[in-house]
Amino acid sequence: MNDVDMLVRDTLRDRAEVAPTATGLLTRVRTRSRLIRRRRRVGVAGAGAAAVVLAAAAVPAAVNVTGRGTGGPGGGFGGPAASGPATPSAAPDRSTPSGAPTVSVAPLPARLAAPEYRLPTFPYTPGSAAGLGKVQAWVDGEVFLMHAAEGSGAPSVQVYTRAAEPTFDQTPDQGVQVDSATTRVRGVMGTLRTESMTGFVIRSLYWREPSGVWIWVRANDMEPAAMVAYAEGLRPGPVQVQAPMTFDLLPQGLVLDNVGPSDMVFRMPGQPTGGSWENKLGFVLNADGGDDAASWPLRVNGQPAKIHLQDQERSAWVLQKNGTILVIQVPQALVISDEDLLRLAAGVHVNATAQAGRG
Amino acid sequence: MEDSFDEFVVNRGPALLRFAYLLTGDRHRAEDLVQEVLAKVHQRWTRIERAEGAEFYVRTALVRQNISWWRRRSARSEQPVAEVPDSTVSDDGEQALAARDEMWALLATLPRRQRAVLVLRFYEDLPDDRIAEVLGCSPVNVRVQASRALARLRATVTDRNITTRGRNE
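Taken in sequence, the protein lines are chains X and Y.
So in the working numbering, spot 63 of the first sequence is number 63, and the numbers just go up one at a time.
Just remember that the working numbering sits 1000 ahead of the position in the second sequence, which is counted from 1.
It is worth saying that the hints were derived from the structure and are not from the lab.
Do not take every clue at face value.
[Claimed, not checked] Derived list of chain Y stretches under chain X, where covered just means 3 residues or more per stretch with a C-beta under 8 Å from a C-beta of chain X: (1) 1003-1010; (2) 1105-1119; (3) 1144-1157.
The beta carbon of each residue, even a glycine, is placed where N, CA and C say it ideally should be.
Let the sequences and hints guide you as you build the complete structure.
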């Protein structure tokens, strides 16, 4: 080992001593895991899809991990459409992949008032969904159908509509093989795109309906014939998005951006829509995180609560009567007092159909 | 599953943060990187835990994620050359400290892959074949990367007479 080698070694060892501490790391990891799961379930297109694939490629293949990133399309929902039925859109992907630079959002003083959003519907209903999870309409910047696998071993399937042909990242990540073929579906020629990685396969089947609308079915671990059969079963007819919670009050000016079985997220004016929750007002029902709730210093509707501040990120936590935790993630740009944050929390009503998330 | 993951994060989190800090050279990015990777690992913990060497797996993911982030964030292959602080110190202890500060700044000028090789070799004390596993390349490639990185550092430190001062501990 020469002088330079030794200096490199000594420098690294010295610097390791001043690395960040792990205080609160577990909590932050769990929160982030929850957000990633949400992003993954619903995915995003273009750069977002690449980010999901990247996530899979970024982990070593030695344990044959199934990255189950869904990477569906993004864009199309938001703005005025956020309060009405969604329509197909050719809007470019506006979602932000993990790790991408964040968007600067102007501070917005929170003025609490009765909410004005309206839940959208998805325009197609599945036929036979044997072997798949229960269908739900979710919102991830746009409305789509979701058959969640949720550890059941069933394929995870999403269905989107588009005004234009879906587009994909043209540069697959290392270790990802992409194949494309045509196939007949619903009386027209469609495209079946297969992304193969170590241990798992993601397929996209898309085609143009006679009405001009493009439909995109995306699935993990589902055979092509099963995908075509699923596509054949789709029928025009609305599927309503089910909100996991309702609100007495919300900050005015925010736009509904994400809805899943355990969460609702609102974005700030001018902020891009999509699957990322960064800088958005999020309401999340968590299955765990309340082990120390007895020591929480606040009360919301008589229930233990706390306001948590970490790394400039503020969140309100409220223990629910069934033991789940309502977490309100406050974006930095939303100027809201602790008092108003607790008023906001007091006006959140968790619906019976809500499913608390884990991790 | 949850308990073992929590235990892993609590027990190994500090070491992973140290590793990430050396990879990134930035405290915030290190935290971000560790959180991102552990959060992804959490989704698949059952499988990872079953395989041998969960920590090696996580460290590999940290290295690859760090390189991938970099690839996506910048078309450039490396960071701009950092401002290497001028040394105006007098006694030997301070000179040694200053030499390490300068080396730290120089490490920031390396491409991520080369920096990762040095961290794995000099901090983790991994042999080249193991480093190759982490990076997903051949041991020959590891040696090439290390050689280039050290040559680059050597060229700079020779100019600035850093190593001589660094040895004065």
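Per-stretch coverage check for the stretch 1003-1010 of chain Y, three Cβ contacts closer than 8 Å to chain X = holds (count 3)
Establish whether the coverage given for the stretch 1144-1157 of chain Y by chain X is satisfied; the threshold is a Cβ-Cβ distance below 8 Å, and no fewer than three residues must meet it.
-> holds (count 4)
Review point. Can the stretch 1105-1119 of chain Y be counted as covered by chain X under the rule of three residues or more with Cβ-Cβ separation shorter than 8 Å?
Key: holds (count 3)
Of the numbered hints stated above, none is contradicted by the structure.
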